[in-house]
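Sequential numbering from 82 applies to the sequence shown in our numbering.
FYI, nobody ran anything at the bench for these hints, they're computed from the structure.
One should not assume that every hint holds.
To be verified - Cut-off 16 Å, straight-line C-alpha distance, at most; resulting in silico cross-link-like pairs (EDC-like, lysine to aspartate or glutamate):
hint, residue 1, residue 2
1, Lys182, Glu172
2, Lys169, Asp159
3, Lys182, Asp159
4, Lys169, Glu144
The structure displayed is predicted, hence computed values, not measured ones.
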Amino acid sequence: MDVVVVDTIGGEYGPRSLRTLRPGGIVVSLASPAEAALAEEAAPLGLRAAFMIVEADQGGMRELAALAASGQLRAHVDAVLPLEDVAKAHELGQSGRTTGKIVLTVAGDGVAA
């Protein structure tokens, strides 16, 4: 898959994400500082795990927006659903079977569903 996975969920997400990384990849957890066990699990696979505390940073957000606009930063989208299907989107998220973001569209927002 990738070289970086950002874990905003915690729990089993980190260990499960190790299987998707290329050698040299890293799982960065924003959810749980208890990553010592994950780091031990990652090391034999040639991977790393780290914990990061994130604070709001307007300058950093501008840089991320510029990277996204230039195509250098891309999010993998698993499903695009209309807002009316919010319950289905929630079920997808809870299923643990998605491989990317779930996007809800609002009528007239210009995003094709």
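Here is how each hint holds up against the structure:
no., hint, verdict
1, Lys182 to Glu172, "13 Å, holds"
2, Lys169 to Asp159, "13 Å, holds"
3, Lys182 to Asp159, "5 Å, holds"
4, Lys169 to Glu144, "33 Å, violated"
In summary, the one numbered hint that this structure violates is 4.
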